[in-house]
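K.L.:
Next come the chains, spelled out residue by residue.
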Amino acid sequence: MLHIVNKSPYERTALASCLAHATKGSAVILIEDAVYAAVKGGAAEAELKLALGRVEVYALGPDIEARGMKGRVIEGVKVVDYGGFVDLAAEHRTNQSWL
Amino acid sequence: MAIEVADKTYETDEEGYLVNLSDWSEDVANHIAKSENIDLSPNHWEVVNFLREYYSEFQIAPAVRVLTKAIGKKLGPDKGNSKYLYELFPYGPAKQACKIAGLPKPTGCV
Amino acid sequence: MSEQGGEKGGMDLEEETSGVVKKFMFVNRKAPHGTIYALEALEVVLISAAFDQDVSLAFLDDGVYQLAKGQDTKPIEVKNFSPTYRALEGYDIEKLYVERESLEARGLTEDQLIVPVEVMSGEELARRMEEQDVVIGC
Numbered sequence: 001m002l003h004i005v006n007k008s009p010y011e012r013t014a015l016a017s018c019l020a021h022a023t024k025g026s027a028v029i030l031i032e033d034a035v036y037a038a039v040k041g042g043a044a045e046a047e048l049k050l051a052l053g054r055v056e057v058y059a060l061g062p063d064i065e066a067r068g069m070k071g072r073v074i075e076g077v078k079v080v081d082y083g084g085f086v087d088l089a090a091e092h093r094t095n096q097s098w099l
Numbered sequence: 001m002a003i004e005v006a007d008k009t010y011e012t013d014e015e016g017y018l019v020n021l022s023d024w025s026e027d028v029a030n031h032i033a034k035s036e037n038i039d040l041s042p043n044h045w046e047v048v049n050f051l052r053e054y055y056s057e058f059q060i061a062p063a064v065r066v067l068t069k070a071i072g073k074k075l076g077p078d079k080g081n082s083k084y085l086y087e088l089f090p091y092g093p094a095k096q097a098c099k100i101a102g103l104p105k106p107t108g109c110v
Numbered sequence: 001m002s003e004q005g006g007e008k009g010g011m012d013l014e015e016e017t018s019g020v021v022k023k024f025m026f027v028n029r030k031a032p033h034g035t036i037y038a039l040e041a042l043e044v045v046l047i048s049a050a051f052d053q054d055v056s057l058a059f060l061d062d063g064v065y066q067l068a069k070g071q072d073t074k075p076i077e078v079k080n081f082s083p084t085y086r087a088l089e090g091y092d093i094e095k096l097y098v099e100r101e102s103l104e105a106r107g108l109t110e111d112q113l114i115v116p117v118e119v120m121s122g123e124e125l126a127r128r129m130e131e132q133d134v135v136i137g138c
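Protein chains in written order, with this note's numbering: chain C, 1 to 99; chain F, 1 to 110; chain D, 1 to 138.
Isolated chain C (complex conformation) (with noise of 0.2 Å):
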């Protein structure tokens, strides 16, 4: 399954719900302010270093630059564009957002 979040993880729980349901070998891609959680620095950063060796997740790239977090994504966290996205939705059989 390919989990998609939008929300960031400071403002909502959106993120740590979504993890504590993403099973073992599922993906998780962070969007729109879900991509501040891939953020090195942040508070959390030690939750998403969790999931990382359960779960693939990647982050949308044009998000990040358009908040100015280009270059400071946390290692493991595998930046895609618009089209890597589609990909993740068509490889996945099913998928959720966790609006």
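Derived by calculation from the structure, the hints in this document are not laboratory data.
Once the Cα atoms are required to be at most 30 Å apart in a straight line, the calculated DSS-like pairs of lysine-lysine come out as:
1) K69/F / K79/D
2) K69/D / K79/D
3) K69/F / K34/F
4) K74/D / K78/C
5) K78/C / K79/D
6) K79/F / K69/F
7) K79/D / K70/C
8) K23/D / K95/D
9) K78/C / K69/D
10) K79/D / K73/F
11) K105/F / K79/D
12) K49/C / K78/C
13) K73/F / K95/D
14) K22/D / K73/F
15) K23/D / K105/F
16) K34/F / K83/F
17) K95/F / K73/F
18) K74/D / K8/F
19) K69/D / K40/C
20) K22/D / K95/D
21) K23/D / K69/F
22) K8/F / K105/F
23) K105/F / K95/D
24) K95/D / K79/F
25) K24/C / K49/C
26) K105/F / K74/F
27) K69/F / K83/F
28) K73/F / K34/F
29) K95/D / K69/D
30) K69/F / K69/D
31) K70/C / K74/D
32) K8/F / K79/D
33) K73/F / K69/D
34) K95/D / K69/F
Knowing the structure of chain C, use the given hints to seat chains F and D on it.
P.N.:
Chains F and D alone, transformed into the frame defined by chain C:
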């Protein structure tokens, strides 16, 4: 609405402001100025160019008070006053000059 | 206001409407591009400058992201309004307060902000909020 300059059509809003900022050129500026009954002199261009620089730096068109102050800072007090600017642009230095400069209507223009 | 002396009363009224300066604070708590709050608030702030009031801006929680340097919105095709915070000085809006705890929780530092600000503790910011006549959350 639209204006036509040298066989090209440019989209404007109902008040005559360019819809696409990238459509602006000196020819388009001259055309809009003419429709506002203004013959662009070097003094007009000084203000128009100032506005375009301000916009590219701050991504807004300045309110008239801010424009007046900023012009004064850059071009001196004899130009940084509303009398001078209203003589150049009788319908308001911010509104009219912004239109000619191809910018949106000033933010803070109430 | 007293009713005595019509003429004098009139003058008082005029002084009251044109002379009283209130303290307004805009409290920005939202990240810049995920919602419209930040951009709308900035426009209201610019308009408020026309009324010669004592305006301050507070940035806390995800609102501190509004001031992050290096924002490039071309890839998501929306307006980049972050340079506009630098225009506030020309509008005589110079009181920009940023909460230290919010910066730290997000791994941000003062030198990563696009405009000069006053970084302060949440406690100090709370005190400034108390001093206001009008507080607008956005």
